[in-house]
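Trainee: Chain order of the listed sequences is A and B.
Take the first sequence: its position 15, counted from the start at 1, is 15 in my numbering, and no numbers get skipped.
Take any residue in the second sequence, note its place counting from 1, add 1000, and you have its number in my numbering.
Quick caveat, the hints were computed from the structure, so don't treat them as lab data.
Only a predicted model underlies this, so the values are computations on that prediction, with no experimental measurement involved.
No residue lacks a Cβ here, since even glycine has one placed at the ideal position from N, Cα and C.
One should not assume that every hint holds.
Claimed, not checked - Straight-line Cα separation of at most 20 Å, SDA-like style, residue types lysine to any residue; simulated pairs:
#, chain 1, residue 1, chain 2, residue 2
1, A, Lys57, B, Val1102
2, A, Lys9, B, Tyr1032
3, B, Lys1069, B, His1049
4, A, Lys14, A, Leu112
5, B, Lys1105, A, Arg44
6, B, Lys1003, A, Lys9
7, B, Lys1105, A, Pro39
8, B, Lys1105, A, Gly40
9, B, Lys1003, B, Ser1041
10, B, Lys1003, A, Gln37
11, B, Lys1105, A, Lys14
12, B, Lys1108, A, Lys14
13, B, Lys1003, A, Gly40
Unchecked claim - According to the in silico footprint, chain B covers these stretches of chain A (three or more CB under 8 Å from chain B):
#, segment
14, 65 to 78
15, 106 to 112
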Amino acid sequence: DGGITQSPKYLFRKEGQNVTLSCEQNLNHDAMYWYRQDPGQGLRLIYYSQIVNDFQKGDIAEGYSVSREKKESFPLTVTSAQKNPTAFYLCASSPRARFTGNTIYFGEGSWLTVV
Amino acid sequence: DAKTTQPPSMDCAEGRAANLPCNHSTISGNEYVYWYRQIHSQGPQYIIHGLKNNETNEMASLIITEDRKSSTLILPHATLRDTAVYYCIVRAVREGGSEKLVFGKGMKLTVNP
Chain A
1 DGGITQSPKY
11 LFRKEGQNVT
21 LSCEQNLNHD
31 AMYWYRQDPG
41 QGLRLIYYSQ
51 IVNDFQKGDI
61 AEGYSVSREK
71 KESFPLTVTS
81 AQKNPTAFYL
91 CASSPRARFT
101 GNTIYFGEGS
111 WLTVV
Chain B
1001 DAKTTQPPSM
1011 DCAEGRAANL
1021 PCNHSTISGN
1031 EYVYWYRQIH
1041 SQGPQYIIHG
1051 LKNNETNEMA
1061 SLIITEDRKS
1071 STLILPHATL
1081 RDTAVYYCIV
1091 RAVREGGSEK
1101 LVFGKGMKLT
1111 VNP
């Protein structure tokens, strides 16, 4: 089935460790996004990428890093510099980044807990 | 980015139509209105979007006022599975033509039996 796959679903991290969240899509979408959601809150954009080997910071990029070496993959690394990383992380993709009106689709999310 | 305003919560009886309001008074002429919903601990699900005209699909209808300053999402026959947080979003276009969705806190719809 086509879609967006995030892994792992649940992840525990010790303070000071970097962790990487995986996001893979087989929808042939150009653009991919990472959002963070805290309990009871809306989604906030961390990073986004329009094409391979290109990405831009979103509203809360500090403490995070990404790469886009393949069209179908957009992994997010939560570094030790992120002061409060415990949250629900959502990956998304859309078919055309430069055309207003196209739709963004989301994965099922990954829960990260710092212990 | 244009901001949207939604009531924090709403109840609806099962089988009845659910009318979810959204205000977006600062929307620009080329910005679309999108609706998503999120069931707890899942990724948001796309429902519908529109620019000026009313839209309908298998999930819902979207009614946009003529001045585009507000819209209403209509679930014609609400079921218990429609209980979720509903987000009304105006699509922002950033410099360079890239785009993002700006999410607020949304509105919790509870469908009661």
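Trainee: All the hints need checking, so say for each whether the structure fits it.
Mentor: Checked hints:
no.: 1; hint: Lys57(A) to Val1102(B); verdict: holds, 14 Å
no.: 2; hint: Lys9(A) to Tyr1032(B); verdict: violated, 32 Å
no.: 3; hint: Lys1069(B) to His1049(B); verdict: holds, 15 Å
no.: 4; hint: Lys14(A) to Leu112(A); verdict: holds, 11 Å
no.: 5; hint: Lys1105(B) to Arg44(A); verdict: holds, 10 Å
no.: 6; hint: Lys1003(B) to Lys9(A); verdict: violated, 31 Å
no.: 7; hint: Lys1105(B) to Pro39(A); verdict: holds, 10 Å
no.: 8; hint: Lys1105(B) to Gly40(A); verdict: holds, 7 Å
no.: 9; hint: Lys1003(B) to Ser1041(B); verdict: violated, 24 Å
no.: 10; hint: Lys1003(B) to Gln37(A); verdict: holds, 18 Å
no.: 11; hint: Lys1105(B) to Lys14(A); verdict: violated, 29 Å
no.: 12; hint: Lys1108(B) to Lys14(A); verdict: violated, 33 Å
no.: 13; hint: Lys1003(B) to Gly40(A); verdict: holds, 18 Å
no.: 14; hint: 65 to 78; verdict: violated (count 0)
no.: 15; hint: 106 to 112; verdict: holds (count 5)
The structure fails hints 2, 6, 9, 11, 12 and 14 (numbered hints given earlier, in ascending order).
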